Amino acid sequence: MPENQSLLDIIKGDYEMSSASSSVGNLIGSRLKKTRWLGETSFDRLQQYVQKSIAIALFLLIWELAPRLGFINRDFLPPFSEILVQGYDFAITGKLLPHVLISLSRALGGFALGVITAVPLGILLGWHSTVERYLNPLLQLLRQFNSISLLPVFILFFGVGYFTKVVIIYWVVVWPILLSTVSGVKYVDPILVKYGKSLSLTDWQIFTRIVAPSAIPSIIAGMRLAATYSFLVLVASEQVGASSGLGYLVENAQYLMGIHMLYVAVLMLVALGFAANQSLVLLERRLTRWKSDQPTYSN
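Using full-length UniProt numbering, the first residue of the sequence shown is number 1, and each one after it goes up by one.
Think of the hints as simulated: they come from the structure by calculation, not from any bench. These numbers were taken from a predicted model, which means no experiment stands behind them. The beta-carbon is built from N, C-alpha and C at its ideal position, and this holds for glycine as well. Don't take every hint at face value.
Unchecked claim - Using C-beta positions, here's what the derived DEER-type ranges look like:
{"#": "1", "residue 1": "50", "residue 2": "156", "range": "51 to 61 angstroms"}
{"#": "2", "residue 1": "208", "residue 2": "284", "range": "16 to 26 angstroms"}
{"#": "3", "residue 1": "257", "residue 2": "48", "range": "35 to 45 angstroms"}
{"#": "4", "residue 1": "62", "residue 2": "108", "range": "31 to 41 angstroms"}
{"#": "5", "residue 1": "197", "residue 2": "91", "range": "52 to 62 angstroms"}
Start from the sequences and build out the full structure, keeping to the hints where you can.
Structure below.
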């Protein structure tokens, strides 16, 4: 097999030779999809955006009207527009950005450490059953320790500084990434593996050309879950011995009855979590473009 020829190309070739008529039909269909009128494509995308935005728009409208109409006490939930105005004031005065940046650095630091350690370890456990058999009991035991309950232990070892918060976030994100990586590597379609072996591929070629691409969606799913966890734990960690960060703002706003600052900090956490999730979705699409090139099998 030529070095620059991928397994997917070989599968495509075999498929085209065995079912030429079906391949031609699929090719024509894909070409027709690519040559749709620009107006129709734009309308479809606009329709999708509108459908996705309706629920959010209704939620924000209810948030805006409920306090103004007296259904909810404004002292507990100000109108959404007031929170936006207050958030803008905090931003232009420079009060908000330092807290956002320090929280983002803590979350990204713990998340990056989790990815760096969990993905290679998950690949090792999923690829080598013997290693998994020895390490799995210990990992399952460690996974039961809640990160918040371990907070006093981390403070005892590392103090109440920046690194402690990174370690707490790392502890909570490493497990979903590890488990999803093990699952993605371990449960690859065995037919693809057998096909690779029938082509006399080495173990390394099977891993790089079949196992790794097939495991990417599972790994990204674990990373998306871990990103959500990281911002949840971030708030709790920054409320203990911290003098900066969005979690600190939430805690400080509660004591000072700064209700607008409280909601501004919460909305910033939501925005950061949403941005992290969407970034990982885009990463998954970029790394799994080969899916759209796969032949469509029909009975």
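Evaluation of the provided hints:
{"no.": "1", "hint": "50 / 156: 51 to 61 angstroms", "in the structure": "holds, 53 angstroms"}
{"no.": "2", "hint": "208 / 284: 16 to 26 angstroms", "in the structure": "holds, 18 angstroms"}
{"no.": "3", "hint": "257 / 48: 35 to 45 angstroms", "in the structure": "holds, 42 angstroms"}
{"no.": "4", "hint": "62 / 108: 31 to 41 angstroms", "in the structure": "holds, 33 angstroms"}
{"no.": "5", "hint": "197 / 91: 52 to 62 angstroms", "in the structure": "holds, 58 angstroms"}
Of the numbered hints stated above, none is contradicted by the structure.
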